[in-house]
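A.B. asks: So the protein lines, in turn, are chains A and B.
With the first letter of the first sequence counted as 1, position 15 gets the number 15 in the working numbering; the numbers rise by one all the way through.
With the first letter of the second sequence counted as 1, position 439 gets the number 874 in the working numbering; the numbers rise by one all the way through.
Because the hints were derived from the structure by calculation, they are not lab data.
Quick caveat, the model's predicted, so the values are computed rather than measured.
Each residue gets a CB set at the ideal place from its N, CA and C atoms; glycine is no exception.
Among these hints, one or two may not hold up.
Among the chain A residues that face chain B by a calculated CB cut under 7 Å, a handful are [said to hold, decoys possible]:
hint : residue
1    : Thr330
2    : Gln369
3    : Ala372
So the derived label-pair ranges between C-beta atoms look like this [stated by the list, open to error]:
hint : chain 1 : residue 1 : chain 2 : residue 2 : range
4    : B       : Gly606    : A       : Gly74     : 58 to 64 Å
5    : A       : Thr90     : B       : Pro586    : 55 to 61 Å
6    : B       : Glu841    : A       : Lys337    : 30 to 36 Å
7    : B       : Ile795    : A       : Thr308    : 40 to 46 Å
8    : B       : Gln735    : A       : Gly74     : 18 to 24 Å
9    : B       : Pro442    : A       : Thr215    : 55 to 61 Å
10   : A       : Lys388    : B       : Tyr890    : 39 to 45 Å
Listed next, the stretches of chain B that the computed footprint assigns to chain A, with coverage defined by at least 3 CB atoms under 8 Å from CB atoms of chain A [claimed, not checked]:
hint : region
11   : 669 to 679
12   : 683 to 689
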Amino acid sequence: MSPARRALPLVGLVGLAAILVARPLPSGAQPPPGATVTPGALQTAPATPEDPQVAQGRYLAVVGDCEGCHDRPGGTPYAGGLPLRTPFGTIYSANLTQDRETGIGAWTADDFWNAMHKGVRRDGAKLYPAFPYPYFTHITRAESDALYAYFRTIAPVSYRPPANKLPFPLNLRFMVGFWNALYFKVDDHPSTGPSPGRHIVEGLGHCGACHTPKTFLGGDKNDHALEGGQLDNWAAPAINSDVRRGLGSWSSAEIAEYLKTGRNARANASASMADVVRYSTSLMNDADLAAIGDDLRGRPSHAGPVNTSLKPDPKLMARGEAIYVDECATCHAVDGKAQPGLFPPLPGAGVTQSTDPTTVIRFILSGTQTVATNARPTPFAMPSFGWKLTDDEVAAVATYVRNSWGNVAPAVGPSEVGKLRGKVGKPIQKPSARV
Amino acid sequence: MAIRNPPVDAVMIGFGWTGAIMAQELTDAGLNVLAIERGDWRDTPTDFSPAYAQDELRYYWRHELFQRLNHDTLTIRNNAGQTALPMRQLGSFLLGSGVGGAGVHWNGQVWRFLPSDLKARSHNLQRYGKAAVPDDMTIQDFGVSYDDLEPWYDKFEYLCGVSGKAGNLKGAIQAGGDPFEGPRSREYPNPPLEMPYALTLFGQAATSLGRHPFPHPAANASRAYTNPLGVTLGPCTYCGFCEKYACGDYSKASAQTTILPVLMRKKSFTLRTNCEVLKINMSADGKTATGVTYLDEKGQEVEQPAEMVFLSAYILHNVRLLLLSGIGKPYDPNTGEGIVGKNYAYQITSSVNVFFNDKILNPFVGAGALGMITNDFNGDNFDHAGLGFIGGGYVGILQTGARPIETHATPDGVPTWGLAWKKAIARDYLKTTTIATHGAVMAHRGNYLDLDPTYKDVYGRPLLRMTFDYTDNEHRMSDYLTDRAAEYGKAMGGREIKTNYRKGSWDVVPYQTTHNTGGAIMGDNPRDSFTNKYLQSWDVPNLFVLGATAFPQNPGYNPTGTVAALAYHAADAIKRQYLKAPHQPMVQA
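Just chain A, same shape as in the assembly (with noise of 0.2 Å):
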């Protein structure tokens, strides 16, 4: 199947973890040879009556995505194991299920909340915040309550998973400290109110994990929340209300699409943000939705104006044409509009414009597959041009996509081409033919 990954923020260090997510097998992945393919899970309400409580906590579960990094390929649901990796090295995620020796069995409600709150284990060391504590300490004791009575129904499962790999002195957890002292701020008066959308954002749905930058040290630079971050070889784009590079042109009622299903007349979520979309934001209430897009939409942007006034040589824009004409526009239209809906327009898109060419580089280099959702089941695809096109070649149509039909946005450089070119994986394509 094809690599999705997810990143997050690791101890001190920039976040570069990528973690591998298992299931369900999206149509358009490609399973294995011989393979039995079992669908994929649709999440279904339980058979008989939950719980009200327990039900909020299935519902939270989905909020932050708890799935998307504790479940591992081949195993049980929230058993842990997902291995999380970074340049510095590897996270494992924590089993979740009551099995009292390796999952949260033994755990009480305080000790749940301590975790989630305050970032520290039942046993008193300092979690590492791969596990996105700095949001999750704005969530309620209710809220905490609700997850914890969830998470007393799943069925244990002994499975301990592999000790992390980290250098010294990153495997002494009480190094957490000081990044905590730096970047973690214990929220004292967690309140659902009065933003329900700031609440979801800024806590369980941990927007900023992947869309706010960071310092050298991994920690979010909170004066330039939601503006747009780089992690694992993906640039994440802004969410905020930059017209040019953010959201500042959609409607809450877009945004709102686009997290229920997968894509909207404006862009189609793939890469990181496709299995958000999967195990999160499509399971999600219309409510809760729609005030996410209200709060996204009323975020400032301090990126400052874009230069608009810096015109890319016109011998590469020719060049970039050129390639764009033979390549692209077969889905994307010569002018740009491509197929709403199924294959994303480009003049003012954010992703095209990100002052950070990473996502658009990759995407020319490896391609990208949209996510199937129940709304919007077919897997749409950007095939790979990796394997055609040279580092040239790439930086010239990217640069002409970002600087066409009103697109303003830097120059893009082979160098840059050619060092994330080393960096990505096989695209899910075969390009070569089957001897």
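Let chain A serve as the given structure and place chain B on it in line with the hints.
C.D. replies: Okay, now just chain B, sitting in the frame of chain A:
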């Protein structure tokens, strides 16, 4: 010791169009369905990239999407007096393999049969008398009527987002459509594709001759379309790589672009790829199919019990599995006894090239079913009295995209290689179009399928043996159609035309059409047919044989529309009737 799997409600043997349609319908009805596919998993995002889908050498000439003949092929002869030899290279027809089957590399031509096509025997006897149907012409009525199938034709057209113009809406003839078609309950879901220049010229020429041209109904979406299952197709880009290729743009309807995004998400559905069914298992009394035995991807033998068994592979594989499983009585051409393998049929094609001096036709612009067609000489749309044949075919231009290795029509008198040939290609490539005829093949006593006595597959099982040739009926009909095509060609006003009749015996080498039919035919009684009108075996009521296997003869249209309609028709009956009384025949013999 064979592995034994837990039983399932229904097993599909083969996972192309019919397997996907039936699995989708039966899982909707609450059944637990398993599909077993011997080929690979393949899907648009991962396998059919528009960045390399248009690779003529790789896909057409090197057959990447097709059946591997070193694994399994069939033997072929023209008549029972010959020794059949294995087909070692694909030619006349291009068998599929893998998820989606041949429905991945088809053109997307979606037709409905004429109401009279479904009653070929009784209709022709009634109109032309006994002499029109010689004793050796073993044609039959389908046992199902156009009205029975109309809702299911419609359902498939809306599944695929077919682009076309209705010619007959509830009996009212519509301008711009096919006036000969059976009545439709509603318009096509999408408007016709844009017509390129050659097709416009053809339409004008046909109209000037008093014929009735109309745009070919195409499962190549003319605009973005979301089907009733919620699956979305993208607009066709006219890239010219449908036929023999997979679509990278989500524009050509296939199981992948219309059903699988929904079906694969269902918990009640499982697909096993790279698993090949060896035989259908039967109860001791031979009246019940108990499941199948297959080889899994590791080569282990697995027994898969099932309440219902569906043969949903290509027709040649369906028939062979029946024969290998000992189900039904094999057909004997000497006595006319037996039913399995009977009434194998094909189609007959010919063409007329039209060369212009002054018209740039851009033939590389194409789509699989981008065509301007006349049905004036199809089926019984014209009076056959005195012609010496029954049946017919469509005549028109299908501009599927003039792929460069494949496409180099030259006028009469041009050498087939060398400088003069190259000059002619350079002069004519952009200014040539080809009118095609696509004609019916009637069933004949001597055309049939059985097991080869000599040749075996990789597992040591006998290969299927095909015995087939055209008869006088086909040649007379095809020549008649070719003459009509030549009339159109002349009326188009080009510099010259070249007429390519189909002469002599059927030849397995040049590509003609992948429309093989029959071998386990449907009908209204168990003496003359293998299944009833619901594709349910008369003898083994929990066994269903889907696909063109059921056609008693092969009308002049492409088969997929009817293949799908028959599958939906069967699924509907299974849901309404069979599931309430399992293991019972839905039609009393």
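A.B. asks: Would you mind marking each hint as holding or not holding in the structure?
C.D. replies: Results of checking the hints against the structure:
Because the smallest distance between the Cβ of threonine 330 (chain A) and any Cβ of chain B comes to about 5 Å, under 7 Å, the interface hint for this residue holds. Interface hint status for glutamine 369 (chain A): upheld, as the beta-carbon distance to the closest one in chain B is roughly 5 Å, under 7 Å. Restraint check, alanine 372 (chain A) versus chain B: the minimum CB separation of about 6 Å is within 7 Å; hint holds. Checked against the hint of 58 to 64 Å, the pair glycine 606 (chain B) and glycine 74 (chain A) passes, with Cβ atoms roughly 59 Å apart.
Checked against the given bound of 55 to 61 Å, the beta carbons of threonine 90 (chain A) and proline 586 (chain B), roughly 58 Å apart, stay inside it. For the pair glutamate 841 (chain B) and lysine 337 (chain A), the beta carbons lie near 34 Å from each other, so the given range of 30 to 36 Å is met. A hinted range of 40 to 46 Å holds for the C-beta pair isoleucine 795 (chain B) and threonine 308 (chain A), which are about 42 Å apart. Remark: the range hint 18 to 24 Å for glutamine 735 (chain B) to glycine 74 (chain A) is upheld by a beta-carbon distance near 21 Å.
Hint check: proline 442 (chain B) to threonine 215 (chain A), Cβ distance near 59 Å, so the stated range 55 to 61 Å holds. In this structure the hint that lysine 388 (chain A) and tyrosine 890 (chain B) lie 39 to 45 Å apart at CB holds, the actual value being about 42 Å. Given as covered by chain A, the region 669 to 679 of chain B passes the check, having 4 residues with a CB less than 8 Å from a CB of that chain where 3 are the minimum. With 3 residues carrying a beta carbon less than 8 Å from a beta carbon of chain A, the region 683 to 689 of chain B meets the three-residue requirement, and the given coverage holds.
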